[in-house]
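J.: If you read the sequences in order, they're chains A and B. Once you know that position 351 of the first sequence is 351 in the numbering used here, the rest is easy, because the numbers rise by one and skip nothing. Start counting at 1 in the second sequence, then tack on 499, and there's your number in the numbering used here.
Accuracy of the hints is not assured; some may be wrong.
Unchecked claim - Derived DEER-like restraints, expressed as beta-carbon distance ranges:
#1 A:P156 <-> B:V553: 55 to 61 Å
#2 A:P156 <-> B:V803: 27 to 33 Å
#3 A:D2 <-> B:Y985: 22 to 28 Å
As the list claims (entries may be wrong) - Where chain B lies over chain A, by a calculated footprint (3+ residues, C-beta under 8 Å):
#4 56–70
#5 129–141
#6 147–160
#7 168–176
Rather than coming from a laboratory, the hints here were simulated on the basis of the structure. Ideal Cβ positions, reconstructed from N, Cα and C, are used throughout, including at glycine.
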Amino acid sequence: MDVPILSLLVLLPLIGAVLTLFMGGARTKYAKVVAAVFTAAALVLSLYVMFMPSGDLANLTENYTWIESAGIKMSIIFGIDGLSILMVFLTALLMFLVVVFSWNEEDRPNYFHALLLAMEVGLMGVYMAQDYFLFYIMWEVTLIPMFFLISWYGGPRRHYSAIKFFIYTHVASLIMLIGIFGLVFGTSGGDFAFAAVANAGGLSEAMQIFLFGLLFFGFAVKMPVPPFHTWLPDAHVEAPTAGSVLLAGVMLKMGSYGIIRVCLDADIFALAMPVWQPVMIGLGIFAMVYGVYACIAQNDLKKMVAYSSISHMGMVLVGMGCMSEIGIEFAIFQMFAHGLISAALFMVCGLAGHNFGTRDMRLLGGMAGKAPRFALFMMIAFMASLGLPGLMGFIAEFGLLYGLWEYLASVDLMPIILLGLLYMLLTAGYYIWAMQKTLFGKLTDKIDLEHAHDIGNIECVVLAVLAVLIALFGILPGLATDYIMPFVSSIVNAGGLLI
Amino acid sequence: MADIFNSMIDALSDLLGQGIYVLPEIILMVAAVLSPLLYFITKKGTASAVLTFVLMAVSAVVTCIMMHTVTYGTAFGLFEFDAFSSLMMLLFLAVGGLTVFISQGHVETTKHKGEYYALIAGAVAAMMFVASATNLVAIFVGVEVVSIFSYALVALKKNDPRSSEAAVKYLIIGALSSALTLYGMSMIYGVTGSLDLYGPDGIVAQVSVMAGNWPFIIGCVGMIAGYGFKISAVPFHSWSPDVYEGASTPVSGFLATGSKKMGFAVILKIFLVMFVAMETGVLSEDFQMVFAILAAITMTVGNVVAISQTNIKRMLAYSSIAQAGYILIVLAVMSQYAVVGGLFHMFTHVVMKGGAFVVVAALITAGLGERISDYNGLAKRAPFAAAAMMLFLFSLAGIPPLAGFTSKFILFSGALATPAGGVDLTWLWLVLVAVLNSAISLYYYARVVKAMYVEKPQTEERLPIGRAFTVAIALCVIGVIVLGVYPNVLLDLCSTAADALFALV
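Isolated chain A (complex conformation) (with noise of 0.2 Å):
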């Protein structure tokens, strides 16, 4: 291949940034166009790669050496495998229906986009490098942005939000970044090629687990896992809707990403893993029955979406605690189908607070004959968070919890599928109240209904994009385990799951 077609992936977006930053002035309005054409042009080149052959796409990879001195050797590898072509199709497609969606922001629409444009040079660049230098470069990128987007786009809390975001994952970067130099420097000596590292390989038990348990850390609150998730709630109620959408639909699976990236590479970590394995499971249960309650006790309609963000991401880390075929193939789809719904779920709360004046549930009432279209879609997007079967979200949870049944049989602790099915109860239960008490019933008179519309056409056409996709890989998930086979085989191949 002659054009750096990865590399183009980080490039565009990253010189759609730049441009966007100094349109200032006059030609101000014209930045989204350009955040446009940009966004679109990746999604373009991410569906070309997606449907390659898939034979074809380890030739993609591109290798420059970066940095090679005092021992050490740093370089910029972009490589695309099953696991990457989902993450970061899904990357591209968010970011171009955000920018689609965000079409009518006038506060400084070309800062905004550039912040936009920045994070996707990060997102693409923590799904495609393969190398630990790169990687923990790209993902410290990401914050930036998000800071910017949550300080000066956000709600009435932000200042306290943007900083508490901020300083919270980045100290988790640390330790994480820790982790990266005992792994490095334990196996290859000081070259941070991710495939130097497993060829290396050779760590101790002791170190095994201990590293394991850093990096494992640092991922884990990104995804995030409770109790280290105080920062999102915070971050996702106050940041602008296409904050919200990125932050839930692509920033918390690199957490998810990382884990089965790193952490569950059999060449590094094979001793590690059974004994972490216990509690990952535990957290992502935890996680699961824990986000759920709290989504029951919330009233605002986004911090209740936030919270199921976290029971979510809960069933994926359950699904890699199985370390099983079937736990970390669904695991994976339930990170490309929770962020194609939950991009759904905040778009739908945003709207509510901007054509509403309000996301909170008490004040709203029957909104389904004032605003049709959005109640429809925001059937659509609770129905398919919920597990309604024929949507992705059925397709996720079911292979999950058949994991996880596998997995408790295997250990013989089977009463603990009724966690499981506990969740699933109350999952449906809070979305089914919400929608109860937002649609239907008696019309409201707490808010301004003569202010109160329905949703524009623009945002009409990005949720319908969205609930066709949902529906399709829904109704045919083969279009996208056809990527996950081969990937979570290329693990099995190497000796690394354990059932």
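Put chain B on the given structure of chain A with help from the hints.
T.: Okay, now just chain B, sitting in the frame of chain A:
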């Protein structure tokens, strides 16, 4: 090209004899003598500024040429030109050049322009002598010269009582630290019978038999304390915030980036070499622990106290203390790779901290106050300065892909990597402390960024930034980005310098 340089160097060495190996220093001494003369003749500060700057540039070019041609040589048995000393010289020249470059346009600069540039040139020359000195007395004298010039520099803002107070404080504490150093040196001379550091009869050659020798240990402790003042390691740091606040801003930047690095050069030349020579001795482990604790306390106190500062110069002073703590990790770890990280961090510190001081100086010249609340809404009033300041602060906090991240990355990873390329968890606690400190520091840096970008300005009035300031800020911005993204060249230099340092053992 190389032939021309070689014949030039040959001709010069015929002329100067061994003096060729201190040629860069001599050039700066010429600058120190000529610049006040020129000022008294022309009565123009710009003339002596240009002269000093040009001679600094010449000195830097000469150093670079010598790095590629002669690479090694000793002068008068006191000074040694090698990869380490030449790299440190370049650092001091960069600091001095930056200071001279922005001083002319700076509002706080005094009427005594001729003396001002002479003091800076002289201080840089003395720093360079210190970097190449191999004898305890030569080091002591060099450091004293730098100190005395610095007292005068701090006091030059004569009409401001804060400046005089700072100078007096600096003088008294400096005198105390000199006394401690000299006392330590005398003990060591008494025990070893030598003032030369290296060589067959030197101090380093004798350290392996010094375990349990109390006068020697007391001597070392005295010197650590004395030079601890210079690098403002906690608990010897109390002078630095007052001095940085009281002195004119270019001078504060000069002290924070220049004279502190000289302290590190001394510590590396004396202690690192000495402790590595002790090899597996019990004594060196004790001293490693001393430095590890010093490092941990220094970075923690620096960062925690910085949080509560409301004056930007004081905040930068405390952040400098914290950065000194990071560099002290090198002395605890004592591996070659860690030294590379430490040297590299000194350079990135010059561009990011120096850059931050340049921005502060530019804004003071433009009429802005020194309080952090004065920076509210700066992004609207001085967009370029605000953007640059944000980059410098994020770089100081270690956010990738800026210079501060890359250097901290290497420095911290150096604390975990063993020379053979494995992992050693001895200093894990120190790295954890360092990393958590990095996170703390993000809080107060982000607060300034928030003030600049999120808060509303008191007035919308634009702040004019002078041309020299703009150029200097732009250079530092380029430095912060280039050293972060493409550190290869400098890393190679640091690597060679570390080799040279370890070759002294």
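J.: Examine the stretch 129–141 of chain A for residues whose CB is less than 8 Å from any CB of chain B, and state whether their number is three or more.
T.: holds (count 5)
J.: Taking the beta carbons of P156 (chain A) and V803 (chain B), is their distance inside 27 to 33 Å?
T.: holds, 30 Å
J.: With respect to the beta-carbon atoms only, verify the hint that P156 (chain A) and V553 (chain B) lie 55 to 61 Å apart.
T.: Hint holds: Cβ distance 56 Å, inside 55 to 61 Å.
J.: Can you tell me whether the CB distance of D2 (chain A) to Y985 (chain B) sits inside 22 to 28 Å?
T.: Once the Cβ atoms are compared, 25 Å apart, the range 22 to 28 Å for Y985 (chain B) and D2 (chain A) holds.
J.: Three or more residues of the stretch 168–176 of chain A near chain B by CB distance under 8 Å?
T.: Our answer is that it holds, as 4 residues pass the Cβ test (under 8 Å) against chain B, meeting three.
J.: For the stretch 147–160 of chain A, do three or more residues have a beta carbon lying closer than 8 Å to a beta carbon of chain B?
T.: holds (count 5)
J.: Verify the coverage statement for the stretch 56–70 of chain A against chain B, using a C-beta to C-beta distance below 8 Å and requiring 3 or more qualifying residues.
T.: n = 4 at 8 Å, threshold three: holds.
The structure agrees with every numbered hint stated previously.
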